[in-house]
Each structure stands twice: as structure tokens, then as C-alpha cells.
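Peer 1: Per the working numbering, residue 1222 is the first one in the sequence shown, and the count goes up by one each step.
Treat the hints as calculated values from the structure; they're not laboratory data.
Among the hints, erroneous ones may be present.
To be verified - Derived DMTMM-like pairs: lysine to aspartate or glutamate, alpha-carbon spacing no greater than 20 Å straight-line:
1. Lys-1288 x Asp-1316
2. Lys-1285 x Glu-1335
3. Lys-1288 x Glu-1346
4. Lys-1288 x Asp-1235
5. Lys-1285 x Glu-1303
6. Lys-1288 x Asp-1254
7. Lys-1285 x Asp-1316
8. Lys-1285 x Glu-1346
9. Lys-1285 x Glu-1323
10. Lys-1288 x Glu-1323
Said to hold, decoys possible - FRET-style restraints, in silico, Cβ to Cβ:
11. Cys-1228 x Pro-1331: 19 to 27 Å
12. Leu-1347 x Gly-1248: 40 to 48 Å
13. Ala-1223 x Asn-1322: 40 to 48 Å
14. Glu-1301 x Ser-1234: 24 to 32 Å
15. Arg-1280 x Ala-1345: 40 to 48 Å
16. Ser-1255 x Leu-1347: 38 to 46 Å
Values in this document were obtained by computation on a predicted structure and should not be read as measured data.
Virtual Cβ for every residue (Gly too), placed ideally from N, Cα, C.
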Amino acid sequence: MAIRMQCICVDSSDPQRIATFWAQALGWRRTLDSADEVVLEPPAGSPEDGVAPDLVFLRVPERKTVKNRLHVDLRPDDQEAEIARLLELGATHADVGQTGNESFTVLADPEGNEFCVLRVLTAAELAGQGLRYDGPGQG
């Protein structure tokens, strides 16, 4: 069967605001921009262009009330610097039951959607394509 993930949709009370945060956080471009729907895609010509799923922010009447069942994990080159940059863009620290011993940090975007900033991969992991999952539940 031939199938691929096209997009990840995020319900939002203000698609413009949340898309601005994620566009700045990821360096992605807006490819559809209306009051009720904003689509972000990787930069044109980048290795992620046409591969990574689009992010679609859709206006809904209700606000977020509980922890997300689906979240984004970001893998930075410098975890500490990236956390500081994301906090400056409007992210906040989020508590989803961490113990304090995790190798990742949980943040929330301006509408409260949780996401993780993972640790930097070691040289050995990079050499071996060590893109294994090590987010929540993996320590």
C-alpha cells in the first residue's frame, strides 16, 4: 500500500498566533494563510521539503483543556540554547509528570500544546544514524 502522512492538524483558538510561534520555532514558511487556517511547510528546497508533514492550524471554538495525546519532539543541535530561544518566542515550561531525571525538556506553545526538546545526539549516535526515540517514557 502506498500512503504517506500529509499533515499534522492542530486545533487552535487563534491559528495566526500559534502558526507564528511554530513558523519562528522551526523556520518554516506559510503556504496557506487565512483567519481560520494556516499551513506551515519546511523551507522550499530544504531536505525536509516534500518529506516532513505540513503543520495545519485550524480555528475551533473550544480551548485546550487537557494534556495532548499527540505531541511534537524537537531534536536541537544545542538543547539549552534552543530551550532559551523557544521560551523567548513564547513557549513555557510544562509539567506532564516528569521526574527531573529526563534527558528532554517539556515545553508548551502559546496555546498550551506540549512538546519536547530532546537531548543532543552524541557523535557515535550521529555516525550510526542514531535517530532513535528517547522522549517521554524512554528517559
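Peer 1: Which hints from the list above does the structure break, by number from lowest to highest?
Peer 2: Of the numbered hints given earlier, those the structure breaks are 3, 5, 6, 8, 9, 12, listed in rising order.
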